[in-house]
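Residue 3 is where the sequence shown starts when you use our numbering, and the numbers rise one by one after that.
Since the hints were made in silico from the structure, they are not lab data.
Predicted model only: the values in this text are computed from it and were never measured.
Just so it is clear, CB atoms sit at the ideal spot from N, CA and C, and this is done for glycine as well.
Worth double-checking, as some hints may not be accurate.
As the list claims (entries may be wrong) - Label pairs and their in silico Cβ distance ranges:
1. 124 <-> 54: 39 to 45 angstroms
2. 175 <-> 23: 48 to 54 angstroms
3. 260 <-> 41: 33 to 39 angstroms
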Amino acid sequence: MMELRSTLGGRIALTATATVILVFLALPILVILVTSFSSNAFGSFPPEAWTLSWYKSLFADGSKWPAAMSTSALIACMSTVFSLLIGVTAATALTRSELPLRSAVYALILGPLLIPSIVTSLGLFLLFEPAAMLGSPLAIALGHTVMAAPIAVLILIATLRGIDERLEDAAASMGANRLTIARRITFPLAAPGMIAAAIFSFITSFDEFYISQFLSSADTITLPVQMYNSLTFDIDPSVTAVSALLIAGAILALVLVALVRWLGSGRQDSLLSVETATGIAAPGGETV
Numbered sequence: 003m004m005e006l007r008s009t010l011g012g013r014i015a016l017t018a019t020a021t022v023i024l025v026f027l028a029l030p031i032l033v034i035l036v037t038s039f040s041s042n043a044f045g046s047f048p049p050e051a052w053t054l055s056w057y058k059s060l061f062a063d064g065s066k067w068p069a070a071m072s073t074s075a076l077i078a079c080m081s082t083v084f085s086l087l088i089g090v091t092a093a094t095a096l097t098r099s100e101l102p103l104r105s106a107v108y109a110l111i112l113g114p115l116l117i118p119s120i121v122t123s124l125g126l127f128l129l130f131e132p133a134a135m136l137g138s139p140l141a142i143a144l145g146h147t148v149m150a151a152p153i154a155v156l157i158l159i160a161t162l163r164g165i166d167e168r169l170e171d172a173a174a175s176m177g178a179n180r181l182t183i184a185r186r187i188t189f190p191l192a193a194p195g196m197i198a199a200a201i202f203s204f205i206t207s208f209d210e211f212y213i214s215q216f217l218s219s220a221d222t223i224t225l226p227v228q229m230y231n232s233l234t235f236d237i238d239p240s241v242t243a244v245s246a247l248l249i250a251g252a253i254l255a256l257v258l259v260a261l262v263r264w265l266g267s268g269r270q271d272s273l274l275s276v277e278t279a280t281g282i283a284a285p286g287g288e289t290v
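Please model the complete structure; the sequences and the hints are all you need to start from.
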């Protein structure tokens, strides 16, 4: 009985501790969300009155926020494409080939995550400045790729390692070439991981500040840089509304990743059962 009470008390204490920690971590987010509806121009908490005026001002005539959002979205899309190309290539090489010095290559790919962002930003500035590419969306997207690609590689490595290689071996034993195996087996099974890598790469690029600050110009201002300028040189309560929208976007992205993973779960087992029962490859490599 004493052991049962001790176990029950430990579970209650663990639950209470975990709840307090989660509330503490989520409290700043809740404060921003509530403050974005405050009528006080200085963003007081708790709000004295409620209003939607800060959200309306984001898209008012003469507002700088729509241009900053569209610039960040364009750069993030370009960076996502670059990150996926690098991620798929690197993850495939690290998991599906006997790559020499694999540990060194793996450490080199993950290096940008260990180096302070401001150091990377300074290096990119010194790289692009002689080429007169400062302020170019392409240069900023390439800079963001340095930070986003390692995340995509990590996700895709975990995804490819989770794919049963017996499916690929079975397809190869029946005459399928590498392209057919990748198109019919590997990529369909890796689709949830690729979507997750794309989402996290997009978020990483969209929220990146240091690289954007070093590489941007007066005509190319991303959303994080615009937020920094609004907080540094002016008191703009619209920043709280932008922050709330970013939080909502991050939550939506996490929900989308969870949904994709849920829809993709069980697909490998179903494909394995179908291949085992009916998978016969034609001599040209196509399954019939």
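The hints, checked one at a time:
1. 124 <-> 54: 39 to 45 angstroms: With Cβ atoms ~41 angstroms apart, the hint holds.
2. 175 <-> 23: 48 to 54 angstroms: Distance hint for residue 175, residue 23 holds at roughly 51 angstroms.
3. 260 <-> 41: 33 to 39 angstroms: 35 angstroms, holds
In terms of the numbered hints stated before, the structure departs from none.
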